[in-house]
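2 protein chains.
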Amino acid sequence: MNAEIISVGTELLLGHTVNTDTSFVARELSAAGIDLLYSCTVGDNPERLKSAVELALSRSDILVTTGGLGPTGDDLTKETIAAAAGKKLVMHEESLQRIEQYFKGRVLGENQKKQAMLPEGCTVFPNGCGTAPGCGFTTDGGKRVVMLPGPPFELLPMLKKEAMPYLTQGEKSAIVSHMVHVFGLGEGYVAEQIEDLCAGQNPTAATYAKAGEMFVRVTAKAATEKAAEALCAPVVEELKQRLGGFVYGVDVETLEEAVVHELAAQGKTAATAESCTGGLLAKRITDISGASGVFHMGCVTYANEIKTLLLGVPEETLRQYGAVSPQTAEAMARGVRERSGADYGIGITGIAGPGGGTPEKPVGLIYLALCGADGVKIRVMKPAGRYRGRDYLRNLAASNALDMLRRSLHGLGGEDRPAYSSEHKAG
Amino acid sequence: MNAEIISVGTELLLGHTVNTDTSFVARELSAAGIDLLYSCTVGDNPERLKSAVELALSRSDILVTTGGLGPTGDDLTKETIAAAAGKKLVMHEESLQRIEQYFKGRVLGENQKKQAMLPEGCTVFPNGCGTAPGCGFTTDGGKRVVMLPGPPFELLPMLKKEAMPYLTQGEKSAIVSHMVHVFGLGEGYVAEQIEDLCAGQNPTAATYAKAGEMFVRVTAKAATEKAAEALCAPVVEELKQRLGGFVYGVDVETLEEAVVHELAAQGKTAATAESCTGGLLAKRITDISGASGVFHMGCVTYANEIKTLLLGVPEETLRQYGAVSPQTAEAMARGVRERSGADYGIGITGIAGPGGGTPEKPVGLIYLALCGADGVKIRVMKPAGRYRGRDYLRNLAASNALDMLRRSLHGLGGEDRPAYSSEHKAG
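In order, the protein sequences belong to chains D and H. Positions 1 to 427 (my numbering) are the ones given, in order, by the first sequence. Positions 1 to 427 (my numbering) are the ones given, in order, by the second sequence.
Hints in this document: simulated from the structure, not taken from any laboratory. Misleading hints may appear alongside valid ones.
[Claimed, not checked] In silico BS3-like pairs for lysine-lysine, Cα to Cα no more than 30 Å straight-line:
| no. | chain 1 | residue 1 | chain 2 | residue 2 |
| --- | --- | --- | --- | --- |
| 1 | D | K240 | D | K210 |
| 2 | H | K210 | D | K160 |
| 3 | H | K88 | D | K268 |
| 4 | H | K361 | D | K50 |
| 5 | H | K210 | D | K382 |
| 6 | H | K382 | D | K113 |
| 7 | D | K104 | H | K210 |
| 8 | D | K172 | D | K210 |
| 9 | H | K104 | H | K88 |
[As the list claims (entries may be wrong)] Sample of chain D residues with no beta-carbon within 12 Å of chain H, all distances over it, derived:
| no. | residue |
| --- | --- |
| 10 | L14 |
| 11 | L37 |
| 12 | V90 |
| 13 | T277 |
| 14 | R339 |
| 15 | K361 |
| 16 | A373 |
| 17 | M381 |
| 18 | G414 |
| 19 | A419 |
Ideal placement from N, C-alpha and C gives every residue a C-beta, glycine not left out.
Construct the complete structure from the given sequences, taking the supplied hints into account.
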């Protein structure tokens, strides 16, 4: 089965809103074994939307639309798609009641009510986070259409709870998919190591790269979920064997999630002292709800005096070796561990650029230190390849810090081995 | 003139990579007065790419492609597009030399050389940040085609320096566009206030909303840039008049950029003490290159003891009012200002959720304090509307903190007025 996404909204064509909906939907489709062949964006223009819908219905089995279901005048996805698919819109009483309930005590305009008009005979997807319901239906030509709201916080839960079960219902086979997350190895290298596994047809294994990390997706199809799971399991195990300590998790969201959960599982805490990452590491740790149990203190010490004041970095160290040095990173990690009473202290100091580099200490030189009960480990990131920007370097430095902590928590060693993955396909 | 974007890359259809290229290109096209009617994504599949290119050339004046110019086997944008446009690919010697230079001392594979093969007679866009050059050419049918590399750090500079001048060269009229950035007012409210300005044809004015902020784009077209500028100027001035202190900048990138530059201009410094935002405010400030001149110290104090240890928040204050209280926010701001010696101290404490809320202190309750030479100002964010997630709330809190600082720097008042913009279009 193959699919196509149409995102509706002029704001997406003006460039001020990045289309994240498409990647959410794409990921879910892919995990369900549905091939996404095209994704398109059209503005709030009925004619262009109609022609895009007709094209999609002519070439794809499944059409997923995002956006344009709301109460404003330019929200016309339903009308246009229903017309293109030969469906009538009818009032869905339950949805109307939900909307009335939401507006209780306020005036309910006609446009608000319009949101409860849905294609006759469709499966309605209630919107737990907004007013506009989504829906799914089959056209006379046997094509399946799913309509989802645009705001990501409305789309995501509806996609997972309603749309994907709707699209995969009645499937005679089950598809199971697992993500093996890897940090510290390049995609090219991993692909070579697992070439034989990637050649398999069921399960399939494929590599992906993203923001300094990479992962391998293992997908199997079988009569039952249990059987598909049984096909996946040995390949996932084999991947963990071959890639060893570079695997930071299976089916986790992020490196910081893996680290926060592992700290919690071991009842340990960490504290951070950041210079060039400027709070990004603390931010990523506290992105995880519940981080407060394992993270009590973070310092952003941009100025030398503040490194001394907050972390007790000796002035002599700063004078002799400079702020960007393994000695300063170590003193930062020791200092923050001591003052916070945490099990682990992390220090990061370096030059994220674009300015501030010198021949001795170029942009891209970053020192990371991890201080635990058994002493300090240092990791050095040196400029590698082209400068990919401040954001990229800061993010890679924070990931390296998380990786050091993860390695230490698991007793893996390799805390001193920096990671540069060549995740960007050239060109 | 209208345009269409085709993004090439199977990775975009698997959902692991968010397509940011499209929004970069869309924004530049829009600023140049070129209407983007469609954007599409296709995988690394010559047949589907060919049909997408043919469709684009049949309905749009300009086709911009991103991705697929690199050395790997699945990079086939150039071959496919050149064939669809009836152009021959020829070796571009200068580009070949650049690639040879880059690989100096290493073996240069045939695939690497292939990157220098470009459509005959095209305008070559050198790639300052990678190996694959881009290019622009006109088809026999008079359509203009621009090909850009996929990695954002290669695409962005080429887009601005090469592709946009190429697309707008020889224009008989000039287009000038300005962005008026607003924080603290909803899009709906602003749209009402400036309805008459938005009705104008030249210059045009239009509102956009994004992540708790909004902006108004003013665009004018005239025979010369100077004349277009003269058309824009009074409308931009009028917007500043009507929206007053809610305008945080014209043609700036972000609120943090505006704040960092203003601090630098006034020779002032700020320090941060964050609880629920967990380092996000410090991260956003230090996203700006050169922030080190105005930001020396940030603290992430998740635990009560750390608030006392690092910031001197009295235990009594925490006991009596709790960590989430105006009193604690104030003590954090005072503490960080005092210890850092900065001109301004900012304290943030609240409940970002999803967990941790109580009936008295629900998720979404966040206190912000700004301490300057003239005392402390408090801003309270209360839960408003539906919970849009931890990321959203943390981001809005950091933006509110930046807004307080900005208002104080400009002597605007209103530091105590929280901002909730209804920037998400429902549905």
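Status of each hint after checking the structure:
Note on K240 of chain D and K210 of chain D: the hinted pairing holds, with a Cα-Cα distance of about 19 Å set against a maximum of 30 Å. At roughly 25 Å between alpha-carbon atoms, K210 of chain H and K160 of chain D fall within 30 Å of each other, so this suggested pair holds. Pair hint K88 of chain H plus K268 of chain D does not hold up; C-alpha atoms about 63 Å apart against a cutoff of 30 Å. Distance restraint check for K361 of chain H and K50 of chain D: the Cα-Cα separation of roughly 48 Å exceeds the 30 Å cut-off, and the hinted pair is therefore not satisfied.
At roughly 36 Å between alpha-carbon atoms, K210 of chain H and K382 of chain D are farther apart than 30 Å, so this suggested pair is violated. For a cut-off of 30 Å, the pair hint linking K382 of chain H to K113 of chain D stands: about 28 Å separates their Cα positions. Annotation: proposed proximity of K104 of chain D to K210 of chain H holds, straight-line Cα distance about 28 Å (limit 30 Å). Under the criterion of a C-alpha separation no larger than 30 Å, the hint pairing K172 of chain D with K210 of chain D is inconsistent with the structure, at around 33 Å.
About 29 Å separates the Cα atoms of K104 of chain H and K88 of chain H, which keeps this hinted pair within 30 Å; it holds. Non-interface call for L14 of chain D relative to chain H: violated, since the shortest CB-CB distance, roughly 5 Å, does not exceed 12 Å. Not every Cβ of chain H is farther than 12 Å from the Cβ of L37 of chain D; the closest lies at roughly 6 Å, contradicting the non-interface assignment. The claim that V90 of chain D lies off the interface holds: its Cβ sits roughly 18 Å from the closest Cβ of chain H, which is beyond the 12 Å cut-off.
Once the 12 Å rule is applied to beta carbons, T277 of chain D is inconsistent with being away from chain H; the minimum gap is 8 Å. Consistency note on R339 of chain D: stated as away from chain H, yet its beta-carbon is not over 12 Å from all of that chain's, at 7 Å minimum. Distance check on K361 of chain D: its Cβ is at least 14 Å (rounded) from any Cβ of chain H, clearing the 12 Å threshold; non-interface status holds. Remark: the non-interface label on A373 of chain D is consistent with the geometry, its nearest Cβ contact in chain H lying 20 Å away (cut-off 12 Å).
No Cβ of chain H comes within 12 Å of the Cβ of M381 of chain D; the nearest lies about 17 Å off, and the non-interface call holds. With a least CB separation of 25 Å from chain H, G414 of chain D remains clear of the 12 Å interface cut-off, as annotated. The beta carbon of A419 of chain D sits about 18 Å from the closest Cβ of chain H, which is more than 12 Å, so the claim that it is off the interface holds.
Hints 3, 4, 5, 8, 10, 11, 13 and 14 from the earlier list are contradicted by this structure; the remaining hints agree with it.
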